[in-house]
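Top line first, the protein sequences correspond to chains A and B. Residue numbering for the first sequence follows my numbering, beginning at 1 and increasing consecutively. Residue numbering for the second sequence follows my numbering, beginning at 135 and increasing consecutively.
Simulated from the structure, these hints should not be mistaken for lab results. Keep in mind that a hint or two might mislead.
In silico contact screen, one side only, chain B against chain A (beta carbon under 7 Å); selected entries [unchecked claim]:
| hint | residue |
| --- | --- |
| 1 | R243 |
| 2 | V296 |
| 3 | Q307 |
| 4 | M308 |
| 5 | Q562 |
| 6 | F659 |
| 7 | I660 |
Ideal Cβ positions, reconstructed from N, Cα and C, are used throughout, including at glycine.
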Amino acid sequence: MKAGTLPTILVVDDNQDNTDIIQHYLEVRGYPITVAHNGDEALALFEKVRPSIVLLDVMMPGRDGWEVCRLMKQHRELGRNVRIIMVTALDEWDDKRQALQTGADDYVEKPFDLSRLASAVERNAALLPTAIAP
Amino acid sequence: MPRFFRQPSRRSPAADASADLVVAADAATDADATRPRIRVNAPPILLTDSPDPAIATAVADLGGWRVVVCAGERELARVVGEAPDVRAVLVTTDNPNALRDVFERARPRGVPVIVGCADETMRRRAVELRADEWYRTPADPVEIAGRIRSAITRAVPTPAQVADRVDKVEYEQMLYDFLTGLPTLPVMIERSRQLIKERGELVVLYFNFVRYSKIEEIYGWEKLDAVLETTASAVGEFLRDTSLRGSRVMVSFTNDDDFVFFHVPAPGVDAASDAEINEITGRLQQFVAGRIEEAHGEEIATLFDIYVGSAHVYYNPKTRLERLIYRGIREAANAAKSVEERERARKVADLRTALRDRDVYVDYHPIVRADTQEVFGYEALARGVPRSLRSPEVMFEVAAEADLIWELSRLCRSRAIEGMAKQIAAGQLLFLNVDPHDFSDPEFTATFEREVANPERVVIEITERTAIKDYPKFRERLKAFREQGYRFAVDDAGSGYAGLGSIANLEPDFIKLDMSLINCIDTNFIKQNLVETMVRFANDQKAQVIAEGVERAEEMETVKSLGVHLVQGFFIHHPGKQEGSRAVPTPAVAKAVPG
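Next up, chain A with everything else stripped away, as it sits in the complex:
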């Protein structure tokens, strides 16, 4: 990531209202945002946009967020550098253990609180390797 450039974020949620809110909120803060509304679209955009951070809803019809997370983390070129934040209610110990198995880096509770979402994005952005091209 170049100094002064904020990392690109891919926002994935099947609910358009949610993505609209998140997109607006983060765009105002200067992050380049791309939106996907299902798992397949997210995977396609992942290769195209090469985001540094993915905000991933878990409950989606078809391929769910866990599956998408696993596939992204196993991507041979991009998997290592992307940070994935799951957007879900991980209440139980069990849920969080499972999240670790898919390779997720962080999570934001759903229903989400925008300021928490922003701080999750910030703390993950801070850990991005500097070598990533914007």
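Assemble the complex: chain A is given as a structure, and chain B must be docked to it using the hints.
Relative to the frame of chain A, chain B by itself:
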């Protein structure tokens, strides 16, 4: 035979273009291929009809992109429809038909279009055509780069593209191991088809890596991945220097944790003899184990074994090649299995000798206070003396199979207690591993009463990994020990899915966090959250949390900031500058096992 074999090469050229490791040394034909070739996808291209230097500067700013300037807008429209790596088009023509043409070609391919507009008419035209972005010329490179970037991120792929890319991602994962980049079996069969027909013979080597899955269980998948990577690169490196070099050797990675090698003799060269193969595989085992020890420490290197089996496959025009190869692989796998059994019998013999001679030694791994780093106590870790039994995991596994587990447990316990006076200062505690099954040993209580002089200095560690069947009875037993002054620790806490309830049931004085939660905790916020939860829970229960497997300063800082009370691991207990252990190299990471 799965039907996806050929599909990817047709549908996605990128599957072929991605990194792949081929060790090949046919001097004449594969001169370049003696080194692993890492081919990455071609850089994305921005296509434009404008020679404006600001565009080139802007593209350089995007990082990793290439700009291609076409001679005129007609040429541009043509190339958009054909070139595979075009990811964006920047068009500046004032010819409305040509502009429309560019859009028509770019749209179906999902390529975003940016229009550089010289005047208001052009701007209106660009908006009408739904350009992904536009800007007024002349513009500085920063603005142009920004427009390109936002056009790329905004462009929505066509449904066909979505399906194609998703397929590609999935196929790639089926065809190549994502960690090592090695092709999987189906790919290997397709690649070697022609060669085997030509040379008539193939040697299959099957490498059975025993107990790799244990690494995942103990240290977490991040560690297993790192070890697999080391293994694959060590194997590749070794093969480049063997006498198999005169032939074509290919490496494949099967689903789980085994490797398969195909060795196809070069023209005019005999296939390696069995003796030769035995010799090579023997050396390879040592080479790989050495590499793993260098990179990940002795604890991990001694944890697993590598067994190799081989089989010859002769080309037979009447039988389909796949069948021949799969049969060969099965034979080689069976051969590897029988090597494993032979080795196991030897290990059992080693263990019996060790038990007879009371020959195990004990490492004392310090547990320190997170804040002051002052030694709080030591965990006793018993090890076998022969290398084959060095890893406690292996030693106890062998004992369990040979029905010697109680004998071994008793021996390890009494050695640990014997060494206590010499190794552990007054006021420090001894953490002693006990398997829940040990409680059913009729001599269990008696040995403790006989050997332990001061129970208040002993902490009994009980692993969460072994399921406890009869809780009320088990708690009764714990209670009896507690009354004598013993304290308890739950080991590997958080390794299972059971959560905090089962830990609370044991009313522990200490909670030892599972190592998989500590590995890379500094960059994983979910792990941090879990540990935080555990610390809060422990504080409520008046218990102390021990973070095990702390290897790096970042991990140390993180667990400290999360309120963990005690710490154990490589970061504080370096091999070489160990206190309290015998003069045997101490592993990088301590792992608690019954002992």
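How the hints compare with the structure:
no.	hint	result
1	R243	12 Å, violated
2	V296	4 Å, holds
3	Q307	6 Å, holds
4	M308	11 Å, violated
5	Q562	32 Å, violated
6	F659	4 Å, holds
7	I660	5 Å, holds
Comparing the model with each numbered hint stated earlier shows that hints 1, 4, 5 do not hold.
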